[in-house]
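Q: Chains W, F, X, Y, H and L, in that order, are what the protein sequence lines are. Numbered per the UniProt record's numbering, the first sequence spans residues 1 to 264. Numbered per the UniProt record's numbering, the second sequence spans residues 1 to 264. Numbered per the UniProt record's numbering, the third sequence spans residues 1 to 264. Numbered per the UniProt record's numbering, the fourth sequence spans residues 1 to 264. Numbered per the UniProt record's numbering, the fifth sequence spans residues 1 to 264. Numbered per the UniProt record's numbering, the sixth sequence spans residues 1 to 264.
To be clear, the hints were calculated from the coordinates, so they are not data collected in a lab. Hints may contain errors.
Examples of chain X residues lying across from chain Y (beta carbon under 7 Å, computed) [claimed, not checked]:
1) Pro194
2) Arg195
3) His215
4) Ala218
5) His219
6) Gly221
7) Lys225
8) Glu263
List time: in silico PhoX-like cross-link candidates among lysine-lysine, alpha-carbon distance up to 25 Å [stated by the list, open to error]:
9) F:Lys225 / F:Lys102
10) Y:Lys167 / Y:Lys225
11) X:Lys98 / X:Lys19
12) F:Lys167 / F:Lys225
13) L:Lys19 / W:Lys225
14) L:Lys19 / H:Lys167
15) W:Lys167 / W:Lys102
16) Y:Lys225 / F:Lys167
17) Y:Lys225 / Y:Lys19
18) H:Lys225 / W:Lys225
19) Y:Lys167 / F:Lys238
20) L:Lys19 / L:Lys102
21) L:Lys167 / L:Lys102
22) W:Lys98 / W:Lys19
23) L:Lys238 / L:Lys19
24) H:Lys102 / H:Lys167
25) F:Lys19 / F:Lys238
26) X:Lys225 / Y:Lys98
27) H:Lys167 / W:Lys167
28) L:Lys225 / L:Lys167
29) Y:Lys19 / X:Lys225
30) W:Lys167 / W:Lys19
31) H:Lys225 / L:Lys238
32) X:Lys167 / F:Lys225
33) W:Lys225 / L:Lys225
34) X:Lys167 / X:Lys225
35) F:Lys225 / X:Lys225
36) Y:Lys225 / F:Lys225
37) H:Lys19 / H:Lys225
Taking CB as the label site, the calculated pair distances span [claimed, not checked]:
38) Y:Gly153 / W:Glu234: 55 to 61 Å
39) F:Ala40 / W:Lys102: 44 to 50 Å
40) F:Val126 / H:Val46: 36 to 42 Å
Note that beta-carbon positions come from the ideal geometry of N, C-alpha and C, so glycine has one too.
6 protein chains.
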Amino acid sequence: MNRILLTGASGGLGTLLRKEIAPHCNTLRLTNRHDMGEAADNEEIVLCDLADADAVMDLTRDVDMVIHMGGVGRENTFEAILQSNYVGFYNLYEGCRKNGVKRVVWGSSNHAIGFYPRTQRIDASVTPRPDSNYGISKVYGEAMAQYYWDKFGVESVSIRIGSCFPKPADRRMLTTWLSYPDFVHLTECCLAAPRVEHTIVYGVSDNDSQLWDNHMAAHLGYRPKDNAEIYREEVEAKTEPYDRDDLTIAAHGGGFAAAGHFED
Amino acid sequence: MNRILLTGASGGLGTLLRKEIAPHCNTLRLTNRHDMGEAADNEEIVLCDLADADAVMDLTRDVDMVIHMGGVGRENTFEAILQSNYVGFYNLYEGCRKNGVKRVVWGSSNHAIGFYPRTQRIDASVTPRPDSNYGISKVYGEAMAQYYWDKFGVESVSIRIGSCFPKPADRRMLTTWLSYPDFVHLTECCLAAPRVEHTIVYGVSDNDSQLWDNHMAAHLGYRPKDNAEIYREEVEAKTEPYDRDDLTIAAHGGGFAAAGHFED
Amino acid sequence: MNRILLTGASGGLGTLLRKEIAPHCNTLRLTNRHDMGEAADNEEIVLCDLADADAVMDLTRDVDMVIHMGGVGRENTFEAILQSNYVGFYNLYEGCRKNGVKRVVWGSSNHAIGFYPRTQRIDASVTPRPDSNYGISKVYGEAMAQYYWDKFGVESVSIRIGSCFPKPADRRMLTTWLSYPDFVHLTECCLAAPRVEHTIVYGVSDNDSQLWDNHMAAHLGYRPKDNAEIYREEVEAKTEPYDRDDLTIAAHGGGFAAAGHFED
Amino acid sequence: MNRILLTGASGGLGTLLRKEIAPHCNTLRLTNRHDMGEAADNEEIVLCDLADADAVMDLTRDVDMVIHMGGVGRENTFEAILQSNYVGFYNLYEGCRKNGVKRVVWGSSNHAIGFYPRTQRIDASVTPRPDSNYGISKVYGEAMAQYYWDKFGVESVSIRIGSCFPKPADRRMLTTWLSYPDFVHLTECCLAAPRVEHTIVYGVSDNDSQLWDNHMAAHLGYRPKDNAEIYREEVEAKTEPYDRDDLTIAAHGGGFAAAGHFED
Amino acid sequence: MNRILLTGASGGLGTLLRKEIAPHCNTLRLTNRHDMGEAADNEEIVLCDLADADAVMDLTRDVDMVIHMGGVGRENTFEAILQSNYVGFYNLYEGCRKNGVKRVVWGSSNHAIGFYPRTQRIDASVTPRPDSNYGISKVYGEAMAQYYWDKFGVESVSIRIGSCFPKPADRRMLTTWLSYPDFVHLTECCLAAPRVEHTIVYGVSDNDSQLWDNHMAAHLGYRPKDNAEIYREEVEAKTEPYDRDDLTIAAHGGGFAAAGHFED
Amino acid sequence: MNRILLTGASGGLGTLLRKEIAPHCNTLRLTNRHDMGEAADNEEIVLCDLADADAVMDLTRDVDMVIHMGGVGRENTFEAILQSNYVGFYNLYEGCRKNGVKRVVWGSSNHAIGFYPRTQRIDASVTPRPDSNYGISKVYGEAMAQYYWDKFGVESVSIRIGSCFPKPADRRMLTTWLSYPDFVHLTECCLAAPRVEHTIVYGVSDNDSQLWDNHMAAHLGYRPKDNAEIYREEVEAKTEPYDRDDLTIAAHGGGFAAAGHFED
């Protein structure tokens, strides 16, 4: 591959990928709204606000694939999410379509299906049940990804990321944890698979109690290696058990489902 | 019921419902951006732009149920749809939530699933495959309707309207036609059903070749009476057959799926 | 057919069937715990407590098929149900097995699945969700019917009866009503079908809002003719609407689901 | 349509269609191995053995669609079926492919799935369970029809014909009967549908006890009007009931499933 | 957890759990009809016949969770099973309901689904097919567990135990074996899972040929570690192969399905 | 087992099995059309053309089970496949039926379902979508295997072999590879399973990106040990990536789906 564009390059997952994805292309174009330091040898750095359509049109020129980790990454006001995850996202896909980008790999979220109950294991065929303004924006994003494949042939992988951290930080993450190595491996699968159309894949490690069935993404060849179970004792020692009816544990989306409306 | 709010009251379907829904409530509050003439005896007329959050908060006060036929009703620029079907729609649900409205019945569209192939009969459990900017906004709307039920207990019926016209105007409508009487009957079912949570129902008559399975909305008790088949001869006499590969007939969404991107 | 045994012959449904089933056999043997009046020409009357195993063994001798409408027919104490719907039911199947009875057609109940939510249309493949002591005894009965087919070749039809009355008596019955003519027709189908193994069928008329899918009993050839919808106006005029969250309308089992434990 | 080719034109169903299909095209080309009498005004008559590849290549020239009712139409020796339903069928599809025929509508059979038990209602997604040499040849035919669509874009409708007779001749046909008017209507639907890819449809009337679910062929718009039930009394008066375990009634394929191997 | 009640404490599985579960609570209350020896430090011993409702009411007082391994544990007369697995079981749930016990983990059995054919892998959504009086009582138990959750909020895990022995004793157990460590681990999962509602889980190790799919119990986090395959050579050396049609191997329930009625 | 017949004994897979299967029976009868060298101690060698019915009748005498690896093993002319995979296959099953052979284990192929898209993971319940003359003959073979089980009680395992080679030879085989040890293990499972009726199983190793779900063959106890992933680097170093739309990678059948018709 000649050039990969990585958005959200200075966020948590962006920083992780910046290091790991570079070997997969000749040039890694990094973008963010704010300063990202020096460009390494095969890096290009472009400051850009995704809500600026013209800037995004330039940003996506001469790019083979996009890894989109930008946008608002947690619950926020409707207005904040609107500019970033709606307008910015549309600009990105318009840029990809017009510039002939082949594929977008992007961070959707388990919050697109966060209101499914924990007693139901789900796959990628379930209808959306978002748990937040943030989650609704991810449903929108997946619909747009499907549309750009169906109508224009731009491929996408929507990764419904679980909880991507160095290690599980609370009891819910024993179920939803995605280790850094598994996340990197999954991203590589998304880039390398010969054909993905629009694929939805859950980003989760091989945890004993994980609740997401990836059989509809088998063609990606993703096989996680880590298991949150090894952290159980440590996690349980420093956290309280959940009450049975607490949505933090009863719903897939955890605290997002349990919280009230952001703007109240 | 005391008061029903009808949005889009001067549009095609709004005008139809204005006459038919009045007997179901003490007061029918009508709204639109533009003049709607004289208010009848049990009518209230309120001019309102749904993109104005404060105005919508007033508009939804003291309302039992909302019939939302407003918003942009066909493909348009992203920007036009953004203000109306995203911002306006959010304002409406926020108004309903804060004012304790019990239920929203609204016009979603078959364009939320317009890229499914005609050779596949579908029900309400399929994942979205929108065929246009417009269709994506309907996916967003359904996701929001689900969210307001799951988190706040505001009920909704999302009616995926087929082709609602006096009679089928082209060959595709022999499949997708929704007669006016069936549409009114369906709307009444949506208002009267004792419990709907968030229900998705296809708005379609009992056409011989109809492709939408409403078993997931059985609790609405909707049983259509009309059948487009009686218009077949008339329709075929004045229209050309479709080519097999023309998306106008090969996809559920018809011309929306077949068209290019609106803004090109 | 030579002889049919009808249990519960002086109950509501028994009395109805007594008249209608007689033409289908040479001899109709009627049984009940209490007096049933004069035997008609082709009737035999046998008083019998089904909890008495020896008496039931005699009762089922020289019988081709059994129509079992006996037993406790509504919620009651565990003890009352135990003797009738557990011990008596077992005695009946043991009698059938040892006496070579070919088929049992019996009154199971929608209360075997009464806790499914009204927003879910169900068929006969769902796992049990009983709503009462009574409903649990019907789950037991269906399990026993399945067992006697699987191990001994005694066929059964378990009719999950909805609300079998002259006409719908409340708003819920607009959904669950089974008219008398449809009930008789269904019973005839159960007797006449060439092969039934163990079939579960919902006893319900062709009501607009009915929620039970009988595709797994298609081989019975049951096609109901009545529709509760014609009584809607009359029913709504004399009854109050349900509250959305009232289990009387929110669950398939209605009042049984909404009630507390019988013995409290 | 300019020209339709009808094979098996002097068989039972061929003779029926010869009359009914003529108005749908400018020229109806009829073929059979044996004499078919005088050609009517818009008919062409061609004698042809389908096992003769060169003759079939000529036969399919300048044809828009084929209605294939030829071939061995009931159980026979493997050798007889091999020449007709394997070699002849292959020749036909090769002719269609090379001559650019758009669509083949042909008589498959319920015997392709004849070993499914009558207690199971089935649709077109079930895997094959043929009940005879004849039935296996229909599985082969459907596989070939699928292949010519997938690889070459030749469309097909495989009609799994039930029992197509003037009226039901035995008790099984109360389930499987396809009336002549319904068969003609179905064939017309198969010709007229704008897009069929490879569709499998069950050819059966709207019988009370019919066991075949056509939801996967909804795009054909086939809605049968006849119901074998009106013949029940007449049929039952002149035929004996089946024994429960007789495959003639216990399996979808009836007598084909119950018979031994043809060549024994 | 403060107090766990373990019934059937001197049976095979009870004895095993007595040792292993003690560390999970402050007090382990043990019960059985007969003497259980000395109480260890954190044990309480209570002799009790579960058929005695008053005694069970006392037994379940001040208990957080119940592990119910009591009752008749294999095929027996209807009468014996009635007292223990029906009356006793009801008493237990009534005790739990009235005393506010949070959760019951209990030994259901593969014999609740024992008549499914071995050629069908099944999950917890299949309808019951019991293979014995004993199996029917387990269907009853699961229905009651579901009812106490749906109506009263008492949670349950019904463990459909396969063959729980030190090692596989015959060829069928190469499929159905549940090792002691896996059983203990599963029980711990059932106690620890934050929310279980009513969950059905198959108790089986990770055997190469195991036939039970636990995806509906994913939230328990049970991942078995043992595999009967390592005993294959040893087992095959000392046992005869089964005949293909022997229900001992052809049905999930094995010998229970193959046996005649217990009381004959 | 006394005697196993192995057809296609000098082909690639036949040669492999010749060595490995011998220990599983007293006598291994080998057959092929051409010379197979010296018979080993417990071997019998019989030259036979499967298209010769009388010879096959002799060949299958006194045989317990058949492993059928003979027939045309890749795409070829219709005529070549007709004699071998149709006529020869029929002769084999007729021999098995008349000689009382218990079970046939044979090499079907992924080409029976080769036109399913790679983005869909499939199991054995999907309807056939063959990709070649060869694939159609495998659909025919599976239909015949099902028929001989349903009607005559001859058991079969149809192994849909992926790519059985010493190691993956191209990028597609990273998905479809079946290692030699896994193939031998699978064949042993097919012979040893106590009951198989007609089972379809995919012959594939435990590759990270494999696309075939064997849950419907769980009773075979097949658990593959090898994983093509360890060859990825080696394979990718010596082969070019596929284009996204190349059927060689986009369809399950690979090059067979991508190729034109063999006889053109």
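Q: So, for every hint listed, does it hold in this structure?
A: Here's how the hints hold up against the structure:
1. With a cut of 7 Å, the hint placing Pro194 (chain X) at the interface with chain Y holds, because the nearest CB-to-CB distance is about 5 Å.
2. With a cut of 7 Å, the hint placing Arg195 (chain X) at the interface with chain Y holds, because the nearest CB-to-CB distance is about 5 Å.
3. The closest approach between the C-beta of His215 (chain X) and any C-beta of chain Y is roughly 5 Å, which is under the 7 Å cut-off, so the hint is satisfied.
4. Using the Cβ-Cβ criterion of 7 Å, the hint placing Ala218 (chain X) at the interface with chain Y is satisfied: the shortest such distance is roughly 4 Å.
5. The closest approach between the C-beta of His219 (chain X) and any C-beta of chain Y is roughly 5 Å, which is under the 7 Å cut-off, so the hint is satisfied.
6. A cut of 7 Å between beta carbons decides the hint on Gly221 (chain X): the least distance to chain Y is about 3 Å, and the hint holds.
7. Because the smallest distance between the Cβ of Lys225 (chain X) and any Cβ of chain Y comes to about 11 Å, over 7 Å, the interface hint for this residue is violated.
8. Interface restraint check for Glu263 (chain X): the shortest CB-CB distance to chain Y comes to about 39 Å, outside 7 Å, so the restraint is violated.
9. Between Lys225 (chain F) and Lys102 (chain F) the alpha-carbon distance is near 29 Å, which puts this suggested pair outside the 25 Å criterion.
10. Only pairs whose Cα atoms come within 25 Å are accepted, and Lys167 (chain Y) paired with Lys225 (chain Y) is accepted, the gap being roughly 14 Å.
11. Pair hint Lys98 (chain X) plus Lys19 (chain X) does not hold up; C-alpha atoms about 29 Å apart against a cutoff of 25 Å.
12. With a CA separation close to 14 Å, the supplied pair Lys167 (chain F) and Lys225 (chain F) stays within the 25 Å bound.
13. For the given pair, Lys19 (chain L) sits about 37 Å from Lys225 (chain W) by alpha-carbon distance, which is inconsistent with the 25 Å threshold.
14. Of the supplied pair hints, the one linking Lys19 (chain L) and Lys167 (chain H) is violated, its CA atoms being roughly 33 Å apart against a limit of 25 Å.
15. Of the supplied pair hints, the one linking Lys167 (chain W) and Lys102 (chain W) is violated, its CA atoms being roughly 33 Å apart against a limit of 25 Å.
16. Simply put, Lys225 (chain Y) and Lys167 (chain F) have alpha-carbon atoms about 24 Å apart, close enough for the 25 Å limit, and the pair holds.
17. For the hint linking Lys225 (chain Y) to Lys19 (chain Y), the alpha-carbon distance of about 20 Å falls within 25 Å, and the restraint holds.
18. Under the criterion of a C-alpha separation no larger than 25 Å, the hint pairing Lys225 (chain H) with Lys225 (chain W) is consistent with the structure, at around 17 Å.
19. Distance check on the hinted pair: Lys167 (chain Y) and Lys238 (chain F) sit about 38 Å apart at the alpha-carbon level, beyond 25 Å; violated.
20. At roughly 22 Å between alpha-carbon atoms, Lys19 (chain L) and Lys102 (chain L) fall within 25 Å of each other, so this suggested pair holds.
21. Between Lys167 (chain L) and Lys102 (chain L) the alpha-carbon distance is near 33 Å, which puts this suggested pair outside the 25 Å criterion.
22. Distance hint between Lys98 (chain W) and Lys19 (chain W) is unfulfilled; the C-alpha atoms sit about 29 Å from each other, more than 25 Å.
23. Restraint check for Lys238 (chain L) and Lys19 (chain L): the C-alpha separation of about 32 Å exceeds 25 Å, so the hint is violated.
24. Simply put, Lys102 (chain H) and Lys167 (chain H) have alpha-carbon atoms about 33 Å apart, too far for the 25 Å limit, and the pair is violated.
25. Taking the CA atoms of Lys19 (chain F) and Lys238 (chain F), the gap is near 32 Å; set against the 25 Å cutoff, the hint is violated.
26. Taking the CA atoms of Lys225 (chain X) and Lys98 (chain Y), the gap is near 52 Å; set against the 25 Å cutoff, the hint is violated.
27. About 37 Å separates the Cα atoms of Lys167 (chain H) and Lys167 (chain W), which puts this hinted pair outside 25 Å; it is violated.
28. With a C-alpha separation of about 14 Å, the suggested pair Lys225 (chain L) and Lys167 (chain L) falls inside the 25 Å cut-off, and the hint holds.
29. Taken as a hint, the Lys19 (chain Y) and Lys225 (chain X) pair is broken in the structure, with Cα atoms around 37 Å apart against an allowance of 25 Å.
30. For the given pair, Lys167 (chain W) sits about 19 Å from Lys19 (chain W) by alpha-carbon distance, which is consistent with the 25 Å threshold.
31. Between Lys225 (chain H) and Lys238 (chain L) the alpha-carbon distance is near 39 Å, which puts this suggested pair outside the 25 Å criterion.
32. Distance check on the hinted pair: Lys167 (chain X) and Lys225 (chain F) sit about 24 Å apart at the alpha-carbon level, within 25 Å; holds.
33. Distance hint between Lys225 (chain W) and Lys225 (chain L) is fulfilled; the C-alpha atoms sit about 17 Å from each other, no more than 25 Å.
34. Of the pairs offered as hints, the one joining Lys167 (chain X) and Lys225 (chain X) holds, with about 14 Å between alpha carbons and a cut-off of 25 Å not exceeded.
35. Proposed proximity of Lys225 (chain F) and Lys225 (chain X) is supported: the alpha carbons are some 17 Å apart, at most 25 Å.
36. As the CA atoms of Lys225 (chain Y) and Lys225 (chain F) are separated by approximately 17 Å, the hinted pair is consistent with the 25 Å bound.
37. For the proposed pair Lys19 (chain H) and Lys225 (chain H), the alpha carbon gap of about 20 Å is at most 25 Å, so the pair holds.
38. Remark: the range hint 55 to 61 Å for Gly153 (chain Y) to Glu234 (chain W) is upheld by a beta-carbon distance near 60 Å.
39. Range check, Ala40 (chain F) to Lys102 (chain W): Cβ separation about 58 Å, and the 44 to 50 Å hint is violated.
40. In this structure the hint that Val126 (chain F) and Val46 (chain H) lie 36 to 42 Å apart at CB is violated, the actual value being about 55 Å.
Checked against the numbered hints given earlier, this structure breaks hints 7, 8, 9, 11, 13, 14, 15, 19, 21, 22, 23, 24, 25, 26, 27, 29, 31, 39, 40; the rest are met.
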